[in-house]
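Enquirer: Here is how the chains run, residue by residue.
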Amino acid sequence: MKRAVLDVAAIGGAIALSIVLVAIGLRVAGYDATGVLREWAVSAGGTQADWAQVFNNACPLIFTGLAAGVAFRCGVFNIGAEGQFLLGSAALAAFATRVWPLQGAESPAYVAMALGILCAGIAGAMWAGVAGVLERWRGVPVVLSTILLNFIALLLLGILLEGPLRTGEHKDLVQSDTLTMAYWLPVGGLGTMHAGIFVAVALAVASWLVQARTAFGFELLTTGLNPVAARLAGVPVASRQLAVMLISGALAGIGGGIQLMGVEGHVLTPTSQAYGYMGIAVALLGRLHPAGIVLAAVFFGLLDRGATGVELTYQLPPEIANIVKAACVLMVLVASAYIGRRQLAVRQR
Amino acid sequence: MSANDSTVLSAAEFMLRQALLGATPLVLAGYGELVAQRAGVINVGIEGLMLMGCIAAYAGAVATQSAAMGVAAAIAVGVLFALLFAIVTIWCRADQIVTGTAINLLALGASTTAWGVLRNSSNNTPPPLFEPIVFGQYWLFFFTLALGVAIWVWLRFTRAGLIVQALGDAPDAANAAGVRVRLWRTLIVLGAGACAGLAGSYLSTMRGHSFQINMTAGAGFLVLALVIFGRWTLPGLVLATLLFGALEGLQAYLSALPNATAHVPHQLFEMLPYAATLIALAALTRSRSGPIYLGRSWPEER
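Here the protein sequences come in this chain order: A and B.
179 is the number that the numbering used here gives to position 179 of the first sequence; each next residue is one higher, with no gaps.
478 is the number that the numbering used here gives to position 129 of the second sequence; each next residue is one higher, with no gaps.
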């Protein structure tokens, strides 16, 4: 309990300090810092429509954040959520436009959606599985293989979009067919919020239950905390690490599929949305805890939404939000390193 | 010499030039990463350091109307970000890989924001930038060659080289021998930051003549793979990078052929270097797995 209080205090302090630092930076660069911050806050959550956008922003980040979170907690540095996310969306597009298009459907077909999400999850898990298998049997560090697999996934997506998935409707566009009505997630609540956020939160709850309430989850945590001790205690460490890699990839892949059904509608030539990479930051800011990850994703969603307003009024690029995010993450890392050691010292005394 | 021979020759020359052009920044940034990893510090943030080098070099050149000042700015910013990484990982002992990814995010945000501010500012005269000297190569290529020899000698024949080895394989022993482990590691990381910043300046003021958002596009990540692919040795790094560069040159040549992309997707060619690196990593034996204390903070927490 005390640990949780310390964590929350550290994260709150980190966020406040990051905002102050960015304000100082803006002032130095000659901008009206208080004006920018006010604009940022107002356009982040001023209206209902803003909040709908915030939750839509947060949705993919919850998936990729959970993907990074479960893996990191087990000591597996899967930084390939980017590739797994992209291939998840490609798999859903393949299923929904090529396998079972459901032409002429007027309303969401939930069975088809569930199957599509299953495809997306399997695609993500398989792509992560490549890295998991290479680590398990060839000793290739996951950090490296997932980086390389991200590049390959991006190019693979390009091949799919120019080949089998390419739409026939517009000759000049390199993109997939647009999903039929059957595959669009219901939109409602706050105007334009799609239902994906509920799936995301449900998966966050599920991963918390698995981590905190099952023997399997306990084995994963033990593996992350001390693999040697875990092995001595009888945990099959290598196969748990492979399993967590598959779960992580599936989460990212599902995120890709949901994003397609909720927001995008068709797969475009890959752009640098970088949901996968951002998920790592979300996971770290959320201290790898599912609840923390959901909150961190919403916070990032707020930052991004506010930054669009700042862009309109002050002509600052919206990527300025990334500076705040990174500053928060770095400070939380420092704070948690100290908290961790302090707690250890208290316990040993 | 028949016409056919000269086409073959020019094709080979084209590929070699491309390979060297592509390899220069990777090798240069690789030096720093290699020495840092030998000393036990893995810096995944090298991608971000290079990206900051790109923007700093271009912005510096615009502000001072001097390409040399741009390069100096790139080195300074590279060192500054490396200092941030060193403080968080070496002195606060946060996890290295995790901190590195945060540095990457910071660099992406900072470089894009700086680029936006730069484009909005009134001072938009294009700066003087570098041109190739010999064989289509820029001066940094020759600097990289010389620096490589110097670092190889330094690692191999000096006491400092031995200390670097000890920092990564037996930091406690180094400490017992009177080496200030954290200070040494910090200085090495700062040197690596300078290399990465310089490598970044190559992309925006030499091989390319402007800045683009996220223009490193994973080059830093590739450096990480190449250092490990080269088994943490300098000749290994250079060979690995040249092999990668050759594949890239081949890819550039093949996709420039008139009929090449009609049948085969160009992405397959682009995939070649990454897939080859991955396969090579998988094919390597597991015997030597790098510095023993790679990625672990010192002193250890327990």
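It is worth saying that the hints were derived from the structure and are not from the lab.
Certain hints may be false.
[Claimed, not checked] Not the full set, but computed from the structure, chain B residues with beta-carbon under 8 Å of chain A:
| # | residue |
| --- | --- |
| 1 | Val411 |
| 2 | Gln414 |
| 3 | Met418 |
| 4 | Ala421 |
| 5 | Ala425 |
| 6 | Val428 |
| 7 | Ala443 |
| 8 | Thr448 |
| 9 | Trp647 |
[To be verified] Every beta carbon over 12 Å from chain A, so not counted as near; a handful from chain B, in silico:
| # | residue |
| --- | --- |
| 10 | Ala360 |
| 11 | Leu369 |
| 12 | Trp464 |
| 13 | Arg468 |
| 14 | Leu603 |
C-beta: ideal position from N, C-alpha, C; glycine also.
Enquirer: Decide, hint by hint, whether the structure agrees.
Expert: For each hint, the structure was consulted:
1. Val411: The hint is violated - Val411 (chain B) has no Cβ within 8 Å of chain A, the shortest such distance being about 15 Å.
2. Gln414: violated (20 Å)
3. Met418: violated (20 Å)
4. Ala421: This hint is violated: Ala421 (chain B) lies away from chain A, its Cβ roughly 21 Å from the closest one there, beyond 8 Å.
5. Ala425: Since the shortest Cβ distance to chain A is 17 Å, the answer is violated.
6. Val428: Violated, about 17 Å.
7. Ala443: holds (4 Å)
8. Thr448: Holds - the Cβ of Thr448 (chain B) comes within 8 Å of chain A, reaching about 6 Å at its closest.
9. Trp647: Violated. Min distance 13 Å.
10. Ala360: Non-interface label on Ala360 (chain B) holds, nearest chain A Cβ at 24 Å vs cutoff 12 Å.
11. Leu369: Fine: 22 Å to the nearest Cβ keeps Leu369 (chain B) off the interface.
12. Trp464: Given that some Cβ of chain A is not farther than 12 Å from that of Trp464 (chain B), nearest at about 7 Å, it is violated.
13. Arg468: At about 9 Å from chain A, Arg468 (chain B) fails to clear the 12 Å cut-off, so the statement is violated.
14. Leu603: The claim stands: Leu603 (chain B) keeps its Cβ more than 12 Å from every Cβ of chain A (closest is about 15 Å).
Hint violations for this structure: numbers 1, 2, 3, 4, 5, 6, 9, 12 and 13, all remaining hints satisfied.
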